[in-house]
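For this one, chain A is given, so just place chain B on it according to the hints.
If you're matching them up, the sequences are chains A and B in order.
Everything in the first sequence is counted per the working numbering, starting at 3 for the first residue and increasing by one.
Everything in the second sequence is counted per the working numbering, starting at -2 for the first residue and increasing by one.
Treat each hint with caution, since some may be false.
As the list claims (entries may be wrong) - In silico DSS-like cross-links for lysine-lysine, where the CA-CA straight-line distance does not exceed 30 angstroms:
| hint | chain 1 | residue 1 | chain 2 | residue 2 |
| --- | --- | --- | --- | --- |
| 1 | B | K65 | B | K103 |
| 2 | B | K103 | A | K59 |
| 3 | B | K49 | A | K59 |
| 4 | A | K59 | A | K16 |
| 5 | A | K16 | B | K103 |
| 6 | B | K106 | A | K13 |
Simulated from the structure, these hints should not be mistaken for laboratory data.
Given the structure is predicted, the values throughout are model-derived calculations rather than measurements.
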Amino acid sequence: DTGVSQDPRHKITKRGQNVTFRCDPISEHNRLYWYRQTLGQGPEFLTYFQNEAQLEKSRLLSDRFSAERPKGSFSTLEIQRTEQGDSAMYLCASTPGQVLGNEQFFGPGTRLTVL
Amino acid sequence: GDSVTQMEGPVTLSEEAFLTINCTYTATGYPSLFWYVQYPGEGLQLLLKATKADDKGSNKGFEATYRKETTSFHLEKGSVQVSDSAVYFCALIPRQGGSEKLVFGKGTKLTVNP
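Isolated chain A (complex conformation) (with noise of 0.2 angstroms):
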């Protein structure tokens, strides 16, 4: 499968654990993509990568939230000290990036949950 795949689907943990979640893109995708995403709502924007360069950063992501994607390859996403409103789906998505509009590919999302 070609897909974008994420790692664990799943993820129980207890508040003030550090979680790590990991996103591998559609090979050869340059642009990568973090949404999080909470019970009846939309996804919400994060943080994106071009290659290995991290572009752009929202205001939803605190400073206990770092991403990397080193060799710009995948990517992870690590929340320090987690808190009950981190509870959330977290989405990755990559696409070519090199038209305009391009069609954002998603993967099936890592659901936390934080006691």
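Using the frame of chain A, we list chain B on its own:
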């Protein structure tokens, strides 16, 4: 800022009924417009898109026309099937900014009964 407003659900229809899901947007300039669909247990998938005014996107019997006069991109299908049951998201990519980040509406859950 840029935003998308779509009709609240849930929407419940019988098979072969006509579907309309309203979507309006607020954006600077002329954004690209999208409908994404999320089937139960699956990830978001692009259903159709339109990148300029008066463009009509279509796929799997669904259609939506980019109307700049009314800033709308309503989704329609003439005859829905049980397999169309899903959550539908209207979204835009602003023309300005360069990030090409998607701005989504809240989603509309559609249930089609046999």
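Straight-line alpha-carbon gap B:K103 to A:K59, limit 30 angstroms: holds (21 angstroms)
Pair hint A:K16 and B:K103, alpha-carbon separation not exceeding 30 angstroms: Distance of about 28 angstroms is within 30 angstroms: holds.
Hint consistency between B:K106 and A:K13 [alpha-carbon to alpha-carbon, up to 30 angstroms]: holds (25 angstroms)
30 angstroms Cα cutoff - pair B:K49, A:K59: holds (27 angstroms)
30 angstroms limit on alpha-carbon distance, applied to hinted pair B:K65 and B:K103: Given pair B:K65, B:K103 holds - Cα atoms ~21 angstroms apart, limit 30 angstroms.
Satisfaction of hint between A:K16 and A:K59, Cα-Cα up to 30 angstroms: holds (26 angstroms)
Of the hints listed earlier, there is not a single one the structure fails to meet.
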